[in-house]
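2 protein chains.
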Amino acid sequence: MTYFTGLRCVHCGREYHADEVDYFCPACGYHDGILDALYDYDSMRKEINPATLAGNGNRSMWRYLPLLPIADQTLIPHLQVGWTPLYDAPKVAGELGVARCWVKDEGRNPTASFKDRASAMGVVKALEKKASRITCASTGNAASSLAGFSAAAGIPATIFVPARAPEAKVAQLLIYGAQVFSVQGTYDEAWELCMAAAAEFGWYNRNCAINPYLIEGKKTVSLELVEQFRTLTPGSFPDWIVVSVGDGCTIGGVWKGLKEMHLLGFIPRLPRILGVQADGCKPFLTAWRDNCGLAPCDANTLADSIAVGHPRNFSKGMRAVTESGGAFVSVSDEEILGAIPMLARKAGVFGEPAGVAGAAGVKRAVESGIIGRSETVAIIMTGNGLKDIQSAIRAAGNTIAVQPDMEEVRKAVNTAVTV
Amino acid sequence: MTYFTGLRCVHCGREYHADEVDYFCPACGYHDGILDALYDYDSMRKEINPATLAGNGNRSMWRYLPLLPIADQTLIPHLQVGWTPLYDAPKVAGELGVARCWVKDEGRNPTASFKDRASAMGVVKALEKKASRITCASTGNAASSLAGFSAAAGIPATIFVPARAPEAKVAQLLIYGAQVFSVQGTYDEAWELCMAAAAEFGWYNRNCAINPYLIEGKKTVSLELVEQFRTLTPGSFPDWIVVSVGDGCTIGGVWKGLKEMHLLGFIPRLPRILGVQADGCKPFLTAWRDNCGLAPCDANTLADSIAVGHPRNFSKGMRAVTESGGAFVSVSDEEILGAIPMLARKAGVFGEPAGVAGAAGVKRAVESGIIGRSETVAIIMTGNGLKDIQSAIRAAGNTIAVQPDMEEVRKAVNTAVTV
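As they're listed, the protein sequences go chains P and L.
191 is the number that our numbering gives to position 146 of the first sequence; each next residue is one higher, with no gaps.
244 is the number that our numbering gives to position 199 of the second sequence; each next residue is one higher, with no gaps.
Incorrect hints may appear among the rest.
No distinction is drawn between identical chains; accordingly, a pair holds when it is met within one copy or between any pair of copies.
SDA-like mimics (lysine to any residue), calculated; alpha carbons at most 25 Å apart, straight line [unchecked claim]:
(1) Lys174 - Tyr48
(2) Lys91 - Glu212
(3) Lys91 - Gly102
(4) Lys408 - His123
(5) Lys175 - Glu237
(6) Lys91 - Thr231
(7) Lys136 - Pro211
(8) Lys175 - Gly102
(9) Lys136 - Trp107
(10) Lys174 - Asp378
(11) Lys456 - Asp233
(12) Lys175 - Ala116
Since the hints were made in silico from the structure, they are not lab data.
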């Protein structure tokens with residue numbers, strides 16, 4: 046059963062029953078009135094504790110049902126999401142200059158990104174509401190993930206993408222059968238159009254920043270991290286959890302999950318959160334460093350999943366870093382590109398630019414003294430490298446062209462050995 | 046512990062100890078002298094039985110260690126391979142005209158294809174032999190998979206690809222740090238060059254058709270199927286197991302795994318095997334139908350992973366179908382392209398052309414009376430759709446271009462509803 050009790054506005058603190066509001070606090074509006082899901086943690090302890098989880102054979106995000114706002118389990122779609130591998134990566138630790146490093150490979154989810162955790166939750170809530178259709182605006186992974194889970198759940202989807210959305214991600218949307226509007230404008234314009242269409246047609250709105258349930262899906266990555274580390278390194282937990290930051294929802298979900306596991310007694314102390322942005326798009330870093338509010342900015346980075354100049358979940362994103370005593374850093378596109386082969390060669394994990402940005406961020410944070418060399422880090426690698434082959438090609442080396450002739454191979458092999 | 050006892054030539058029947066030969070039967074040569082791995086099945090029953098497996102928490106192909114030719118477990122690389130999801134797909138069953146259909150999504154493996162099961166085994170054997178380097182020739186998935194597992198295992202790889210190999214797969218190789226020879230010729234020429242280079246430089250040869258251990262990795266998909274069905278549909282097993290066919294190694298591995306689980310008492314009877322080829326490249330189908338030997342042919346199909354005109358493992362591939370009382374069918378490229386959105390929309394599984402060919406083959410087999418409408422099928426979906434976005438784009442529909450203006454959205458939505 047679920048121990049979900051209601052929703053609370055992060056801005057004014059007002060509380061609501063789940064059937065009073067769908068998305069945001071009516072008093073504060075959708076820019077400020079983001080809601081937090083509330084639970085009865087005291088009562089759930091008999092269902093969520095190390096012993097019950099150890100005996101739970103469900104290897105997906107749904108193993109944490111008491112901690113999720115789901116009333117009717119029969120609505121859960123069949124795609125296996127979550128319980129992604131967590132790898133100890135000593136060679137990456139050496140490269141980044143930390144004592145120990147782990148990589149959680151979220152590219153192993155059904156549509157190959159972390160966003161599947163949120164979309165899985167989104168379609169269940171849409172089915173609960175008996176919605177005729179579900180919608181979102183996205184430049185990529187949230188969209189392809191929603192398309193996949195809508196297909197699995199049998200609910201139609203309409204997705205708004207900016208015209209410059211990458212070919213591979215748009216192909217994924219269409220293959221899964223979503224209706225796709227290619228908006229001849231910016232991502233911001235696509236987002237506003239989606240909000241208007243959802244309101245006008247009564248479609249269920251999966252936009253993570255205004256839908257309080259989506260982040261509940263995202264937090265499951267932290268619930269897993271805590272459980273996986275109990276096995277991997279009993280009695281200890283990494284000093285830092287590292288994740289790249291766009292709208293602020295992912296880092297917000299990561300932090301909420303950690304706090305809940307701490308509250309439930311799974312970890313004795315909370316880690317710090319490192320939020321990684323791109324040099325060409327770092328509104329969180331700017332606001333955090335200057336201790337001021339959000340100033341939307343341009344989005345100049347090849348890491349499309351974090352190219353968000355106007356973060357829609359500023360409050361939860363900022364809270365993750367300030368409450369945890371963490372930090373924001375930014376990295377250049379060159380550092381991001383360099384992290385793609387580095388992670389692939391040293392950990393066997395091939396990530397897309399936004400996915401590997403966390404690794405690049407650790408290096409920057411170590412160099413600037415934010416992370417100590419004796420500290421340990423876990424990097425959440427958010428998306429599969431196959432999502433963006435063009436960036437991979439820029440980061441990769443070259444093939445050696447030969448005629449089908451052993452003499453040419455011999456020459457190349459001997460040259461390679463002597464170089 | 047392993048119960049592996051040695052190797053037997055499929056051609057002359059001669060048996061060898063594992064340290065007597067590396068790859069093929071010296072008496073018969075590599076065209077004919079393919080070897081089968083042998084085990085002491087009677088003795089392993091105390092370690093491999095339903096009770097021990099049910100209590101085994103390892104969710105990867107390595108849960109079947111007694112049935113694998115691995116002496117030293119410490120050499121196993123860290124990437125989590127196998128134990129992929131098996132989905133009940135009633136809408137797909139309806140579309141294909143069978144009583145029930147399941148889809149096993151092998152695109153969820155570390156480098157996004159079934160071939161990871163073979164490469165994981167290959168690098169362990171290379172490390173056992175203390176090889177300086179590992180090599181293979183491939184047009185795609187075997188190569189990217191070897192590159193990924195070589196990186197994970199810390200052993201250098203050299204890979205031979207034909208010049209026309211798809212961009213995405215070549216990018217994967219380079220990102221993982223493999224040395225890549227782009228051979229200005231056919232796949233056959235790349236294969237021969239790889240064989241010569243392996244022999245000359247003493248590199249470990251991962252070519253599946255001549256390396257008897259690789260198929261032992263591949264068979265694990267069947268070991269999993271048997272175990273997963275014991276939970277999903279206790280007491281019964283699908284009438285047909287369906288897989289696309291290129292070199293013949295995959296279908297051979299599938300069959301070997303099933304026979305072993307039958308021998309060990311996990312399933313009361315063996316299913317039939319349906320091997321699916323492309324209309325433009327069907328050497329197995331031709332030989333099976335005409336009851337004659339292999340006649341190598343051209344390879345004209347967009348499904349690059351099964352575009353193999355000269356199958357290197359003809360004997361094991363043919364044996365799977367003849368011993369099981371199964372069949373070969375072929376499908377057109379149009380049918381393959383049509384199966385991509387069909388599987389994505391009806392099962393939530395996005396596959397590459399060769400990966401979905403099995404589904405297209407079931408439809409053809411039902412139409413021609415090979416598979417009865419009251420029968421049940423399990424399709425092994427061998428590779429992720431993100432591996433070949435160009436084919437997906439050909440199979441997908443179109444986006445709806447709009448200005449950022451609700452009036453345009455309104456018009457499109459209303460049109461879509463009335464159509």
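Cross-check of the supplied hints:
1. Proximity of Lys174 and Tyr48 under a CA criterion of 25 Å is satisfied intra-copy only: 19 Å inside one chain copy versus 55 Å between copies.
2. For the homomeric pair Lys91 and Glu212, neither the shortest alpha-carbon distance inside one copy (48 Å) nor that between copies (53 Å) is at most 25 Å.
3. Taking the shortest alpha-carbon separations for Lys91 and Gly102, both the intra-copy value of 17 Å and the inter-copy value of 24 Å come in at or below 25 Å.
4. With identical chains, the CA atoms of Lys408 and His123 are at most 25 Å apart between copies only, with a shortest distance of 23 Å across copies and 39 Å within one.
5. With identical chains, the CA atoms of Lys175 and Glu237 are at most 25 Å apart within one copy only, with a shortest distance of 24 Å there and 59 Å across copies.
6. Taking CA atoms no more than 25 Å apart as the test, Lys91 paired with Thr231 passes in neither setting, with 48 Å inside one copy and 63 Å between copies.
7. Taking the shortest Cα distances, Lys136 and Pro211 never come within 25 Å of each other, neither inside one copy (32 Å) nor across copies (30 Å).
8. Taking the shortest Cα distances, Lys175 and Gly102 never come within 25 Å of each other, neither inside one copy (30 Å) nor across copies (38 Å).
9. In the homo-oligomer, the alpha carbons of Lys136 and Trp107 lie at most 25 Å apart only across protomers (23 Å), although the nearest pairing inside one protomer, at 32 Å, exceeds that limit.
10. For the identical chains of this complex, Lys174 and Asp378 are neighbours neither inside a copy (42 Å) nor across copies (41 Å), given an alpha-carbon limit of 25 Å.
11. Only between protomers do Lys456 and Asp233 lie at most 25 Å apart by alpha-carbon distance; the minimum there is 21 Å, versus 54 Å within a single protomer.
12. Taking CA atoms no more than 25 Å apart as the test, Lys175 paired with Ala116 passes inside one copy only; the shortest distance there is 14 Å, against 55 Å between copies.
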